[in-house]
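**Q** Sequence:
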Amino acid sequence: HMRACEKGHLGTVEVLTKAGGAELLACQGRAGWNALMCASANGHKAVVEHLLDVGPPDQVLTKCHAGRTALALAQSYKKHSTVTVLQERISQLVRPDLKGPA
Numbered sequence: 001h002m003r004a005c006e007k008g009h010l011g012t013v014e015v016l017t018k019a020g021g022a023e024l025l026a027c028q029g030r031a032g033w034n035a036l037m038c039a040s041a042n043g044h045k046a047v048v049e050h051l052l053d054v055g056p057p058d059q060v061l062t063k064c065h066a067g068r069t070a071l072a073l074a075q076s077y078k079k080h081s082t083v084t085v086l087q088e089r090i091s092q093l094v095r096p097d098l099k100g101p102a
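Following our numbering, the numbering of the sequence shown begins with 1 at its first residue and continues without gaps.
Don't read these hints as lab results, they were simulated from the structure. Predicted, not measured: the structure shown is a model, and the values here were computed from it. You may find that some hints are simply not true.
Below, simulated DSSO-like cross-link-like pairs (lysine-lysine); rule was C-alpha separation at most 30 Å, straight line [as the list claims (entries may be wrong)]:
{"hint": "1", "residue 1": "Lys78", "residue 2": "Lys45"}
{"hint": "2", "residue 1": "Lys18", "residue 2": "Lys45"}
{"hint": "3", "residue 1": "Lys63", "residue 2": "Lys78"}
{"hint": "4", "residue 1": "Lys63", "residue 2": "Lys7"}
{"hint": "5", "residue 1": "Lys7", "residue 2": "Lys78"}
{"hint": "6", "residue 1": "Lys45", "residue 2": "Lys63"}
{"hint": "7", "residue 1": "Lys18", "residue 2": "Lys7"}
{"hint": "8", "residue 1": "Lys18", "residue 2": "Lys63"}
{"hint": "9", "residue 1": "Lys7", "residue 2": "Lys45"}
Ranges between beta-carbon positions, derived for each pair [what the hints assert, rightly or not]:
{"hint": "10", "residue 1": "Leu93", "residue 2": "Lys7", "range": "14 to 20 Å"}
{"hint": "11", "residue 1": "Ser81", "residue 2": "Val54", "range": "16 to 22 Å"}
{"hint": "12", "residue 1": "Lys18", "residue 2": "Ala66", "range": "26 to 32 Å"}
{"hint": "13", "residue 1": "Lys7", "residue 2": "Arg95", "range": "18 to 24 Å"}
{"hint": "14", "residue 1": "Gly67", "residue 2": "Leu93", "range": "14 to 20 Å"}
{"hint": "15", "residue 1": "Gly20", "residue 2": "Lys78", "range": "27 to 33 Å"}
{"hint": "16", "residue 1": "Thr12", "residue 2": "Ser91", "range": "28 to 34 Å"}
{"hint": "17", "residue 1": "Arg95", "residue 2": "Asp53", "range": "16 to 22 Å"}
{"hint": "18", "residue 1": "Ala19", "residue 2": "Arg95", "range": "29 to 35 Å"}
{"hint": "19", "residue 1": "Gln92", "residue 2": "Lys63", "range": "17 to 23 Å"}
{"hint": "20", "residue 1": "Pro56", "residue 2": "Ala31", "range": "16 to 22 Å"}
{"hint": "21", "residue 1": "Arg95", "residue 2": "Gly29", "range": "27 to 33 Å"}
{"hint": "22", "residue 1": "Val15", "residue 2": "Val94", "range": "17 to 23 Å"}
For glycine and all other residues, C-beta sits at the position ideal for the given N, C-alpha and C.
Using the sequences and the hints given, assemble the complete structure.
**A** Following this line, the structure appears as structure tokens:
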């Protein structure tokens, strides 16, 4: 599943998250990266959006072993579209009265 997120294979990710659910989203690789981090660092906006839609809201706050979040990874790799998506979701966590796109 991590490879599918890393490579941006949305269809595969959708099937895997449906079958594996929360356990799959919580799984971390050797560096502590989760599926959201893999997709974010590689700029796969559609996969990031899907993972955010099906996963727990606080997954955007999870840190890898180096102490970096999915947002920090997307910023460091200059993946601007995923940075924007992650920032919007974090804003919704901090300010639940802000609504995302309908």
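**Q** None of the hints should be skipped; say for each whether it holds.
**A** Consistency of the hints with the structure:
no. : hint                      : in the structure
1   : Lys78 x Lys45             : 13 Å, holds
2   : Lys18 x Lys45             : 19 Å, holds
3   : Lys63 x Lys78             : 18 Å, holds
4   : Lys63 x Lys7              : 21 Å, holds
5   : Lys7 x Lys78              : 16 Å, holds
6   : Lys45 x Lys63             : 19 Å, holds
7   : Lys18 x Lys7              : 18 Å, holds
8   : Lys18 x Lys63             : 24 Å, holds
9   : Lys7 x Lys45              : 11 Å, holds
10  : Leu93 x Lys7: 14 to 20 Å  : 28 Å, violated
11  : Ser81 x Val54: 16 to 22 Å : 19 Å, holds
12  : Lys18 x Ala66: 26 to 32 Å : 30 Å, holds
13  : Lys7 x Arg95: 18 to 24 Å  : 33 Å, violated
14  : Gly67 x Leu93: 14 to 20 Å : 19 Å, holds
15  : Gly20 x Lys78: 27 to 33 Å : 30 Å, holds
16  : Thr12 x Ser91: 28 to 34 Å : 29 Å, holds
17  : Arg95 x Asp53: 16 to 22 Å : 19 Å, holds
18  : Ala19 x Arg95: 29 to 35 Å : 33 Å, holds
19  : Gln92 x Lys63: 17 to 23 Å : 19 Å, holds
20  : Pro56 x Ala31: 16 to 22 Å : 21 Å, holds
21  : Arg95 x Gly29: 27 to 33 Å : 31 Å, holds
22  : Val15 x Val94: 17 to 23 Å : 32 Å, violated
Of the hints listed earlier, those the structure fails to meet are numbers 10, 13 and 22, in rising order.
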